[in-house]
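J.: Residues per chain are reported as follows:
There are 2 protein chains.
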Amino acid sequence: MIKTTYPPSILQYIPFFFVIWSDDLLTLSEIAVVKKIIDDDQNLSKKDRETLNSWLNTAQPPLDTEIKSWQRAISNSGIKLVEGDNHPLTSFSKKLISQNGSEHVFNEDLSAIETNLGIQPNHYHHLFEVEVVLEKTSNFYDPKEIDQIFKGTNHREIDEFREALSNSIFSWEIIKNKENFREKVLTQVQYLAKAGYGAMAYPEAYGGTGNMPLYATIFENLMYVDGSLTVKFGVQFGLFGGSIQKLGTKKHHDRYLTAIGEAKLLGCFAMTETGHGSNVRGIKTTATYNKEEDNITIHTPGKNDNKEYIGNALHGTMASVFAQLIVDGKNHGVHAILVPLRDSENRLMPGVRIEDNGYKLGLNGVDNGKIWFDQVKVPRANLLNKYGDIKSDGSYYSDIKNPNKRFFTMLGTLVGGRICVAKGALSGAKMSLAIAVKYALQRRQFNDNLKIQEDLIMDYPSHQLRLTPAIAKSYVYQITLDSLMKIYSDDSITDKRKIETQVAGLKAIITWFANETIQECREACGGKGYLLENRIADLKGDVDIFTTFEGDNTVLLQLAAKGIMSDFNTEFNSAGFSAVFKLLGTQISDKLVTINPIYANKVDKEHLYNPKFHQHAFDYRTRRLTYSAAMRIRDYIKKGVPTYQAFLKVQTHLIALGKAYSCELAYNTYLQFTETIEDKKNQQLFQKLGCLFALSEIREDASWYLEQGYLGGTKSKAIRQRVERLSTEFRPHIEVLVDGFGIPDHCLTAPISR
Amino acid sequence: MIKTTYPPSILQYIPFFFVIWSDDLLTLSEIAVVKKIIDDDQNLSKKDRETLNSWLNTAQPPLDTEIKSWQRAISNSGIKLVEGDNHPLTSFSKKLISQNGSEHVFNEDLSAIETNLGIQPNHYHHLFEVEVVLEKTSNFYDPKEIDQIFKGTNHREIDEFREALSNSIFSWEIIKNKENFREKVLTQVQYLAKAGYGAMAYPEAYGGTGNMPLYATIFENLMYVDGSLTVKFGVQFGLFGGSIQKLGTKKHHDRYLTAIGEAKLLGCFAMTETGHGSNVRGIKTTATYNKEEDNITIHTPGKNDNKEYIGNALHGTMASVFAQLIVDGKNHGVHAILVPLRDSENRLMPGVRIEDNGYKLGLNGVDNGKIWFDQVKVPRANLLNKYGDIKSDGSYYSDIKNPNKRFFTMLGTLVGGRICVAKGALSGAKMSLAIAVKYALQRRQFNDNLKIQEDLIMDYPSHQLRLTPAIAKSYVYQITLDSLMKIYSDDSITDKRKIETQVAGLKAIITWFANETIQECREACGGKGYLLENRIADLKGDVDIFTTFEGDNTVLLQLAAKGIMSDFNTEFNSAGFSAVFKLLGTQISDKLVTINPIYANKVDKEHLYNPKFHQHAFDYRTRRLTYSAAMRIRDYIKKGVPTYQAFLKVQTHLIALGKAYSCELAYNTYLQFTETIEDKKNQQLFQKLGCLFALSEIREDASWYLEQGYLGGTKSKAIRQRVERLSTEFRPHIEVLVDGFGIPDHCLTAPISR
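Residue numbers (the working numbering), protein chains in the order written: chain G, 39 to 792; chain P, 39 to 792.
Chain G extracted, bound-state conformation (with noise of 0.2 Å):
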C-alpha cells in the first residue's frame, strides 16, 4: 500500500526523489551522497530514516506507483519553482514542508544533492509548474575570471588590444567587391603596424618585443573582426616577415625587417607551387646561381610549376621564393631567396607575371595570386642563408650537411605559424560558438500545451549536446596551443623536432575540429545563422581553408605519426624505419597491459569522471595504434613489400594514430595546466570541462575501445550518459563559458548575439 501523503521530514526529500528516480541518476557514488545527507538528519524518526533509505536501493527501486504518488504530491502543492533561485529544487521543497503549516525543521544540507548530483533546471523542467525568471544564465562564476585564466601574464597588452579593436576602422560590413575588401584589409594592416602590433615578434631593435605568445594572441583576436584581416596580417608579418627574421641572417634584418613591422615593405612567402602543395621538397622554381656574375636566376620552368595560393601577391613589392638551389650544377635542395616583384611605382619587375587567384570560398579581402619567374635576376645577397650559403668564392656551404635534415630544419622554423593557424581556427569555433549559444538563450521553440511560453532552444538535451561538448574542447584546444607556443618560442630548446609533430597533430584536429563546431553552429542557428549579419557564415568560408593550408591536415597527421613512430629521433622520411620498428615494438608491447573484465565494464561515477582513466585511455590508445602500425609495416617489410608501399597500405592507420596522438598531447597538457589555477572554484570548473572534453573523445572513438575490448558495451554507454549529462549540467553557466572566452564586446555584432 503506498501512501499518498507524507510527514514533512519525508516529505522535504519529495522532490529530490522525484527528479533521481524518474531520470535515474543513481550510481554507487551518487547514491552515498544522499545517504549521508540522510545519515545525518538529526530530525528524522528511526522509521522515516528507514523508508528513505529503502527508497535508494537499486537493486529494489520504487515502484512506479510510488514515484508517481511523489509527483502527484509535488503538482498538487501549487507551489512555483523559481529557476533563479540559488538551488531550486531545495527551495521548493522548503515552501513545500512550510505550506503545510508544519513546523519541522527543514535540513538545509538537502542542497548538497542538487549540487552533487548535478540537478539542472533540465531534470525537472516540466515536471513541475516553473516560474520562468529573467536571467538566462546562473552568477556563480565569473567570466572576468576565466578570461584571465587564458590571458595569463599577457592580460594587460591582450586587452589593450582587444580595446583597440573597437576603433571604427574594424566595424565589420559586407564588402562583396574583392577589390574594395582588399583596400580595406589593407587598410587595417597598416593600421595595425604603426600601432606597433605587426613587429610584435621581431626582436625590439627593429620595432618589437620578441613575444611570440603575444603575437599569436593577437593574431587569434583578429579572427573576431575579419578572416581576411587575420590572414593578411600573418602573410605580411609571420609568414614573410617571419621567413626573413627565422632563414635570414643579420644583413636582411637590418635591411627589412623594421619596414615590414611598419607594413612600408609588403611581402610573400611564395611556397606552394601549382604543381606542388604538401610536397614542398618536389618544388620546381629553380635558383641558379650564376657565378660569372655573382647573381642568382629565379625560374619558373614548367606549366603547372608557378607559385600559387600567394597573399598579398597583389600588394606585394617582395617575396621570398622558395626554390631548388643549384650552384655548380648541383641541386642542394630548397632554400628561400628574396625576389622584387615591384618597383617603387608599383610595376612587375621585368620577368615576373602575376595573375589574380580570383574570387574564393572565403578570405576574399585577401590578395591571391599565382606568379611566374622567367628568368629574374637577383643578387647574391637576397639568399636567406642562415641554413645555406653560397660562399663570396661561388661555392655552396652549410652547417647542416645532411640535405634531408637541413631541408627539415628550415621548415621547422615555420611550425609557428602552423600554431598560429590552429588558433585562429579556433578563434572562429569560439566566437560561432558564443553567437549559437547566445541566440539559443533568446530563441523559444515549441512547447507543451500546458505553457504559454515556448522552451528556449538551449534547454533541449539535443542542442546542449551540441554545442557543450565543443565549448569544452575550445578550452582545452586553447590551453594547449598557449602552451606549445611558449615550448615554441623557448629559444633555450633548440630541438625542436618534437613539437613540430606536435604541431603537425595539433593543427589537423583542431582545424577540423574548428570547421565542424562553426558547422554545427550554423545549423544551430538555423535560418538566422545563414544570414552574413550574424557572422557565422563568413567565419565558415573562411576557416574552411585552414584545413588546407600551412599543412594539408591529412598529410599533417601521417607526418604526425611517423614522428611518433621514430620517437622524434630520426627525419621524417620513409627509409630506414625497420631498425627504429623493431625496437619499438619490443618496447610497446611490453607496456601494453592487458584490460580486465572489471575494469572493462566499471560504470561508476567516480571512475568515469577520473582524469588517471582517461589518461590511460588515451595512452593505451596511442600505445596500441603505434604498436600495431609499427608491427603491420614491419611485416609488410618483412615479406619484401617497398617501405613507401607499406606505409601507404596503412595509411588510414597512420591517420588514426596522429589524431589519438594528438588528443592525448592536448588532454595532458590541460590537465597540467588546470593544477596550476590557483582559485579552487575556477579549477575545478576546468576541470570538469577536461572531464567532458575527456569523455567525449572516448566515446566518439568507442567503436575502437569496443573492438579492442577496453570499453565492454555497459561502460561505453556509461559514457555515452555521462556526457549527455555533464553537457546538462552545464546548461545554468553555459553563457559565462562562452563569455569566457574573452570576445571582445565590439565584436559581437551578430544581432542575433545581442
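Heads up, a few of these hints could be off.
You can't tell identical chains apart in this list, so a pair holds if it fits in one copy or across any two.
[Claimed, not checked] For lysine-lysine, the following BS3-like pairs were computed, each having C-alpha atoms within a straight-line distance of at most 27 Å:
| id | residue 1 | residue 2 |
| --- | --- | --- |
| 1 | Lys73 | Lys676 |
| 2 | Lys439 | Lys289 |
| 3 | Lys524 | Lys755 |
| 4 | Lys439 | Lys182 |
| 5 | Lys329 | Lys214 |
| 6 | Lys640 | Lys755 |
| 7 | Lys650 | Lys443 |
| 8 | Lys288 | Lys524 |
| 9 | Lys214 | Lys408 |
| 10 | Lys182 | Lys524 |
| 11 | Lys322 | Lys222 |
| 12 | Lys534 | Lys415 |
| 13 | Lys85 | Lys643 |
| 14 | Lys408 | Lys132 |
| 15 | Lys676 | Lys755 |
Just so you know, the hints here were simulated from the structure itself, not pulled from any lab data.
On the provided structure of chain G, position chain P as indicated by the hints.
T.: Same frame as chain G, now just chain P:
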C-alpha cells in the same frame, strides 16, 4: 630451405601468391577460389599441387622469407607490368614464364583470381616497376548505361532538358552583387518557364504534363547550373504554384496556375516567421474573417511575427500566406490565403512592408525577404479552400473535423518539396564528387624515390576511402528518392502519412550527407577546391541551408521517430502515445532475437557481402531503437513524468532512431530496385555499390552494434577492412561511376575537372 627459383608451373602462380600474402587478402571463400584454380590446373604435377596448396593454409601461412623470395623472383625478372591490360597481373605472369623460354602452357584461368579477389593496381602499386598507362580508368562499365538506369522511363525528356542547359543563358559566371545575380536568375527562371519546364507538374489544362517525378528531376539537374536558380525555380513553381495546386480549388487553378507556370505571375510561399520556423503550428500571423465585409484581414501582430526568408519576396507580386484563420472569433488553425504584394506597376500594396534579407552564406541569387502585413484585406475567395473553407454564410467548414489532422493533411501535401530538397542536395554532392574524382585522376603528389612520376592522389587509400563510399551512398540515395517521388506522385495512394515520415527522415540524412560530402570534396581538392571557379565552393554555400529549410533536420528526425513509434497510425503529436507504446513494446520485443556469438563474429566475405546480413543488421537496429525508446518513454510516463517531458528526455535517442530507420529504408528500396536491373553486369555493379553503402553505414555506427553485442570486435574490424578494400576495388571504375551520374558536360565547367 626455401627455393629461390621456381619451375614455370609454379612460377606462374607466384605473382598472385605474392600479392595475396603480402596484403593478407585471404578469407575462406577467397581461398576456395584459388584452390579451385589449382585443382583444375591439368598441367600441375602432384608435387606442384601440394606445394601450391601448402601456400593456401592460413593456419600455417608461408614464411616471410618465402614471400620475400617470391618478391625477388618478380623484381629480378625485369618485366614491366602494364596497368592498361585487362588483367594486368595475369599478363605479367604470362610474360614471366615465357621469359624463361619455357614451353609450359600458361593457365589462363589465373585471371579469375584477379577478378574474384578484386585485386587492383593498388594492391601491387610500387611492388612492381609499373609502366604508366594513359587510361586513368577502366572501360569495363559504360557510364551511359548507368545513367540510363537512373533516368528510367523519363530518359528522353531528361536528355532533352540536359541539352537545353547548354544554352548560354545558363553559363556559369561569378556575380557578387546580389541585385545583378538576382536579375540573372530571374531571367533564367523566365526562360525555363517559357520552355514549359516550370509547369511540368501541373495538369495539362494549365500548360503542364502532370509529371511530378520529371519536375523533380528537372529541379535536381538545375543544381548543376546553379543553386540559386534551383531554389528560385522551386519557390516559384513548386512552393508558390504547388500551394495553389494542392491547397486551392478549381477557381484558384483556373485563375492563377497557367500564369504561374509561365512565370508571368511571380509569387512567394510565406510560411516561416522570424519567431516560428520549425513550429509552424505556432505561427502568429492572423487571417481574420470579417463577416460584414465578407473579406479576410491579414495581420502581423508582433515584433517577431513577420514572415522571414521568403524567396521571391523582392520579385513576387503575390504570396500564399500561412496564417491562423479566425472565423467568428474562433481559431481554426493554420490556413493559406493568397495576398497580393505588389500592383501591376510593382509598387507595394497598402499595408504590406517588405525588407531584403540581405547577403547570405549562399543562394545570393535568390531574393529572400521579410514581409509584414498591417491589416491587409483580401477577398474571401483568396482562401485556399481545399481542406477548410468559409462558406457564403460566413461559417467555417472543413471535411476534416479534427484540427490536428487537418493541419497535418495540409502540410502533408507539401511533402514533395522535401523530396526535391533532398534531391537538390544530392546533386550538389554528386557534382562535387565528380569534380573531386576527376581532379584526383590528374593530380599527382609524392612518390617513392625510385620512380620519376609522383602518384595520382586517387591511388592513395585514404583518398579512396574519402570518396568511394560517398559515391556508393549517392547511388543508393538517388534510387531511393526517385522511388519515393514515384510513390508520392501516385494519386491512387491517398494516405500519405507513411511517406511523410519517410521523407522527413530521408531529407535529414541526405542533406547532411550532401554537406559532409561537399566538404570532403573541397578538402580533397586542396587549395583548388577553395577557388570559386572550381564550383565546389558555391555548392558548399548553397547546399548548407538545405539542412534547415523545408524542416530543420534535427526536428525532422524526431518527427520521423514519432511516426515510426506510432506505426504511422496516429497524428504527429506527443499526446496519447501510451497505448501505442504498450502494444508496440510487446510486438517488437517478441521479434527481437538474441545474437549468438558465432554470428556476432562471422567474418567471412560471403557473409559480410550478403545483403541478408545488411538487412538483418539494419532491421535489428531500427527495432531495437524503437523498442528501447518506447520503453524508456513508457517508464517515464508510468512514473508520472508528463508525456512532453518524457519525449524531451529521450530526444537524442529519437534522433538515432530517425537516422536508423531512414538508412534501412534507403537500403531496402535500393536493393529492391537492383532486382529490376536487367543487365547482369550492371546489376552486379549496383549491388556491389549497395554492399559498400551497407558496410559503411554499419561501420559508422559500429559503436552501437558493439555495445549491443550484435557485432564482436573481430567482425567490426573485418567490416572496417572490407570498406577499405571495396573502396580500393572500385578504383579502376571510379571515373565511370561519377560519369554515370549524367552531369551534362557543359555544366562541369570547373577547370580542375576538365
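J.: Does each hint hold? Answer for all of them.
T.: Quick rundown of the hints versus the structure:
1. Taking the closest pair of Cα atoms, Lys73 and Lys676 come within 27 Å of each other only across two copies (25 Å); inside a single copy the shortest separation is 61 Å, beyond that limit.
2. For the identical chains of this complex, Lys439 and Lys289 are intra-copy neighbours only, at 23 Å inside a copy versus 89 Å across copies, given an alpha-carbon limit of 27 Å.
3. Neither within a single protomer nor between protomers do Lys524 and Lys755 lie at most 27 Å apart by alpha-carbon distance, with minima of 39 Å and 40 Å respectively.
4. Taking CA atoms no more than 27 Å apart as the test, Lys439 paired with Lys182 passes in neither setting, with 52 Å inside one copy and 58 Å between copies.
5. Within a single copy, Lys329 and Lys214 get their C-alpha atoms no closer than 50 Å, and across copies no closer than 51 Å, so neither meets the 27 Å cut-off.
6. Taking identical chains as interchangeable, the C-alpha atoms of Lys640 and Lys755 lie at most 27 Å apart whether they share a chain (11 Å) or sit on different chains (24 Å).
7. In this homomeric assembly, Lys650 and Lys443 never come within 27 Å of each other (Cα to Cα): the closest approach is 38 Å inside a single copy and 55 Å across copies.
8. Proximity of Lys288 to Lys524 under the C-alpha cut-off of 27 Å is restricted to the intra-copy arrangement: shortest distance 24 Å within a copy versus 74 Å between copies.
9. Taking the shortest alpha-carbon separations for Lys214 and Lys408, both the intra-copy value of 22 Å and the inter-copy value of 22 Å come in at or below 27 Å.
10. Proximity of Lys182 and Lys524 under a CA criterion of 27 Å is satisfied intra-copy only: 23 Å inside one chain copy versus 59 Å between copies.
11. For the homomeric pair Lys322 and Lys222, neither the shortest alpha-carbon distance inside one copy (34 Å) nor that between copies (43 Å) is at most 27 Å.
12. When the C-alpha separation of Lys534 and Lys415 is checked against a cutoff of 27 Å, the pair qualifies neither within a copy, at 34 Å, nor between copies, at 75 Å.
13. For a Cα distance limit of 27 Å, the shortest separation of Lys85 from Lys643 qualifies neither inside one copy, at 30 Å, nor across copies, at 64 Å.
14. Taking the closest pair of Cα atoms, Lys408 and Lys132 never come within 27 Å of each other, the shortest separation being 72 Å inside a single copy and 49 Å across copies.
15. Proximity of Lys676 and Lys755 under a CA criterion of 27 Å is satisfied inter-copy only: 24 Å between copies versus 41 Å inside one chain copy.
When each numbered hint is compared with the structure, violations occur for hints 3, 4, 5, 7, 11, 12, 13, 14.
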